[in-house]
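Student: Put together the whole structure using the sequences plus the hints.
If you're matching positions, the sequence shown starts at 214 in this note's numbering and goes up one per residue.
Hints are computed from structural coordinates only; laboratory data are not their basis.
Don't take each hint at face value.
Stated by the list, open to error - So the derived label-pair ranges between C-beta atoms look like this:
hint, residue 1, residue 2, range
1, R266, G326, 41 to 49 Å
2, S223, F297, 14 to 22 Å
3, G305, S223, 39 to 47 Å
4, G226, M310, 35 to 43 Å
5, R230, G300, 30 to 38 Å
6, T308, P225, 40 to 48 Å
7, S312, E222, 23 to 31 Å
8, D215, N270, 21 to 29 Å
9, G300, P235, 17 to 25 Å
10, N267, T239, 29 to 37 Å
All residues carry an ideal CB built from backbone N, CA and C; glycine is no exception.
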Amino acid sequence: MDLLVVTTESVPGYRVREVLGPVFGTMVRSRNVVGTSLGGIAAFFGGKQHGDRNMVNQTRDDALTELRSNAQDLGANAVLAMRFDSGEFDSGQGTMMESITAYGTAVVLVPEG
214 MDLLVVTTES VPGYRVREVL GPVFGTMVRS RNVVGTSLGG IAAFFGGKQH
264 GDRNMVNQTR DDALTELRSN AQDLGANAVL AMRFDSGEFD SGQGTMMESI
314 TAYGTAVVLV PEG
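Tutor: Written out as structure tokens, the structure reads:
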């Protein structure tokens, strides 16, 4: 089985043979000055934030890729109860950074029976 990532605490037809522990994947990104300015203008006029949405989607996908890699490094074949957490912080230089963490429990699953 390829590495399975699920938001549930169990997988039908499988049982947990070993719990390897928590596993994380974190990515941090910022937008460039032009993107931030254009996004601010669009927000002011009520427009959709395509640039922000694309950046968040890519950051989320990268966090999930890192989670998968870290789980495989532990010897897991699955991650249960996967969740995302996100936040925004100032880099200290006036640039806002977006942080997304994917986390869950790395396990080894085996078929029931």
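Student: Taking the hints in turn, state whether each one holds.
Tutor: Okay, the hints, checked on the actual structure:
1. For the pair R266 and G326, the beta carbons lie near 44 Å from each other, so the given range of 41 to 49 Å is met.
2. At about 20 Å, the beta-carbon gap between S223 and F297 stays in the expected band of 14 to 22 Å.
3. In this structure, G305 and S223 meet the distance hint of 39 to 47 Å, their C-beta atoms being roughly 43 Å apart.
4. Take G226 and M310: their Cβ atoms lie about 41 Å apart, and the range 35 to 43 Å holds.
5. Remark: the range hint 30 to 38 Å for R230 to G300 is upheld by a beta-carbon distance near 34 Å.
6. Range check, T308 to P225: about 45 Å between beta-carbon atoms, so the 40 to 48 Å window is met.
7. Separated by about 25 Å at the C-beta atoms, S312 and E222 satisfy the suggested range of 23 to 31 Å.
8. About 22 Å separates the C-beta atoms of D215 and N270, a value consistent with the hinted range of 21 to 29 Å.
9. Against the hinted window of 17 to 25 Å, the Cβ-Cβ separation of G300 and P235 comes to about 18 Å, which satisfies the hint.
10. A C-beta distance of roughly 19 Å is found between N267 and T239, which places it outside the suggested range of 29 to 37 Å.
Going through the hint list in order, the structure does not satisfy hint 10, though it satisfies all others.
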